[in-house]
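Listed below are the residues making up each chain.
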Amino acid sequence: MEDFEPRIIGFLCNWCSYAGADLAGTSRLKMPPNLVPIKVMCSSRVDPEMVTDAFLRGADGVLIAGCHPGDCHYDKGNYYARRRFAVLKKVVESLGLEADRLRLSWISASEGARFQQVVEEFTEKIRKMGPNPTGKETLL
Amino acid sequence: MNTKTSVLVSESSIGDTLRDLLGKLLENGEIDSVFALRETRQKGRYCYSLITDPTLIREALPFHPVMPVQGARALSEMTITEPFGRPVAALLRPCEIRAFVENVKQSQGSLENIFIISCTCPGVIPASKLLGEDREDVLANHGGNIRNACRTCTGFIPGPQADMTVLLASDEPHDGTVIYLNTDRAVEIAGKLDSLSRETGKPAAELTSGISEAREKSLKDLMRDIPAPADGLQSLVSLFAACIGCRGCREACPLCSCVLCDYETARTLHSPELVRSEAKRKGSVRVPAGTLQFQLGRLMHISPSCTACGQCSDVCPVDIPVSDIFIRAANLVQESLDYAPGRDTDDTPPMATYLEKELLDITD
Amino acid sequence: MNSIIVDFLEKALVSDYVSSVLVPSGGPDNTFPWTLISDVSALAMAEPVPPVMYVQGAKALASFTQSMTEGKLLAVMRPCEARAAVELSKLEQIDLDNIILLTMDCPGAVPLKEYRRDAGIQPDISIPETIRPLCRQCTEFTSAGDLCLAMHGGLREVLPLTPAGQELLDSLGMKAEPDTSAWIEWASSLKAEREAVSTENRKSLKKAYSGLEGLVEVFSGCISCRSCRTVCPICYCRLCFIDMKDRRCPASAHLENSRSSGAARVMSGTLLFHIGRMAHMSLSCVSCGMCEDACPSDIPVGRLVSMVSAGTTAVFNYSAGSDPEDPLPLNTFRLEELHEYED
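Chains as they are written, first to last, in my numbering: chain A, 1 to 140; chain B, 1 to 364; chain C, 1 to 343.
With the rest of the complex left out, here is chain A (with noise of 0.2 Å):
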């Protein structure tokens, strides 16, 4: 368990998070390498499915960032993907599966260190869950 680096998928926002996560970047923040980015147009763009996917496929967390509410880019979006992003947390609790693995967060393009924060704080949790058993199970 000691050399376990979590692997986590980042859904994020093109507008906001993204932003902030290039903020941090040209800001010389330090944060853990172990987030991988993945751009997407808007928060909701993000089906649950997608989701389901990076999780079943052995990331240890996905993170989903998208524009606080009510600065959404195309104005509703963030508003509808919180939605979804509840529902698919309570299937995946309903079926006994960790959705503590999976988070929503609100990151705007000017929070570089929020989104330093945010990966830090994931990144940690995810670590001290361990991982992913998707990662090793040969029948799924």
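Hint data in this document are derived by calculation from the structure and do not stem from the laboratory.
None of the values given here were measured: they were computed from a predicted structure.
Incorrect hints may have been included.
Calculated lysine-lysine pairs in the BS3-like style (CA-CA distance at most 30 Å, straight line) [as the list claims (entries may be wrong)]: (1) B:Lys129 / B:Lys220; (2) A:Lys125 / C:Lys11; (3) B:Lys280 / C:Lys11; (4) B:Lys43 / C:Lys206; (5) B:Lys24 / B:Lys192; (6) B:Lys129 / C:Lys206.
Take the given structure of chain A and dock chains B and C to it, following the hints.
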């Protein structure tokens, strides 16, 4: 016939011999991975797996008499975008090989780097028969429980794509294991397996002529009996009356590889006016429309290349004898087109070619 | 029950208020295909409440009502079918204008495969063993749609549930105003009973198959035939996410997948398919049990989706198929909500 062929023999059971052989091939790097059946965490339920770890090869169930999914469908899923970059040994039944050859012709997969180990096939048991507590008895009486499609299968000896053929079905019961080496690659690989002795033996066809005869006869009976052609439309309507439209037959079929089936397109939605006018004309009309149309349409699309695996009947929740109907039609179609599906990747699919002078008896 | 409904259908057709009816009819080989009938004489074959469900009624209805029908269409359906029709109308797959849904006190349905083995079995609401597992725990066994035929509490009466239902009764000159108190009593006591059963069943299902190991086990026998999806009235997509071309993985990824754990199941999307499907449709699931009937591997898929659905609908206090005016939870939002899911 008095020809002799090169075989590997072992006194151990077929399962042990193959697991041992495959484990060695994995260990010495001859192959990267093994495509074989495994039992799942539920008794009597199986799945195809790709096994890379030599120690996990003990879980492989070579030629266990089940077909949870058609092997071709699974191989196609893996090789549709690119061939395997490293050698994979695949344990496949003859109908699975044929179906996969058809897949390859239709750009739905690649045979590259696949080392095929097949068998003279005694047939498989319908999945539904293994769901109950009596599965051990069912397995013990394997021959009495095989699929209808297997009973009428005359293509139970694999074609030239098989690198090795294990003698499984044979007229006389035999102990131990006999493996035919069909290709140079097989001979090369056999050279590296010192635990198995090389001998010469009679060709598989000679050792299975009795089975072949029985199968021919069953096929003839099927061609005569199903569906009784004299009854025409009514018998077809009755035959598919119980169809719930689950499309399981299509999904399970290794040859139905369309991403979006014609019968799923919006074209199959009807306007209320159209259905109402039909209802007016006939007094009443069945909805959703198109049960027979779907079955017949699929028959048109698939019959030239149907490899008679019987998977469609196996999945049908209401026990419609889909494969009987398909096998009968496929035999007639393939005969008239002079086409043998799965024989050779170089054969052109019959619907993708034509001769200027042919089929003159159906035109005027 | 069948004859009361057939009489009612006949009245409706003769009155010209209704121009066609959708109802199961007796077919060959113990089948009950959905039929659209506009000729009174064809009602002779009608079997409004067959012992078994071959095709979910909403699915049959959606096959030709995506645009509005001309003239009134009266559809006889089980409550779960009518509820699915309401969901499909919200999903714009059925235009319910001009469609009147008539339901009944549903006796439940015999499991399809059992019925195919023995067509003598009849569903009996008081003998749970005769009906499907999901029917046994169904709490929405009556009072869906526009009208409902009450068969309990001393009634044999079609009761209006909506203005559209009332209008039909009025036009047929049916003005009975029966005492429904005993019937309501019956329904609420059965509902309470079923709720207890359902809670118990969901608990034991969750216990048996919870977590990754349990899920892998329960879906072990899945052969990817997708029948559960195809027969589901709610799964209306023409091309499911799981079948999309961009989901295809290269051979190298399959080998890599196998290498990382030593072995890997092929036709690998099994759990993804089922969990993804639940994420997509569980909010609208009416627990009709058709998926379970269709499964050739006898996976309790309907009970699992229903269990998940109980969880997801609770988040939005939503009840699938109950109120046509209640928007689909995923098609709307509130500015202030679900804060426990975000940060």
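Do the alpha carbons of Lys24 (chain B) and Lys192 (chain B) lie within 30 Å of each other, as the hint requires? 9 Å, holds
Run the distance test for Lys125 (chain A) versus Lys11 (chain C): straight-line Cα separation, threshold 30 Å. Measuring from Cα to Cα gives roughly 67 Å; hence the hint is violated.
Within a Cα-Cα threshold of 30 Å, do Lys129 (chain B) and Lys220 (chain B) meet the stated pairing? This hinted pair holds, its Cα atoms lying about 26 Å apart.
Need the status of pair Lys280 (chain B), Lys11 (chain C): alpha-carbon distance at most 30 Å? 18 Å, holds
Holds or violated: Lys43 (chain B) and Lys206 (chain C), Cα atoms, limit 30 Å. The given pair, whose Cα atoms are some 20 Å apart, holds under the 30 Å limit.
Between Lys129 (chain B) and Lys206 (chain C), is the straight-line Cα distance small enough, at 30 Å or below? 27 Å, holds
The structure shown violates just one earlier hint, number 2.
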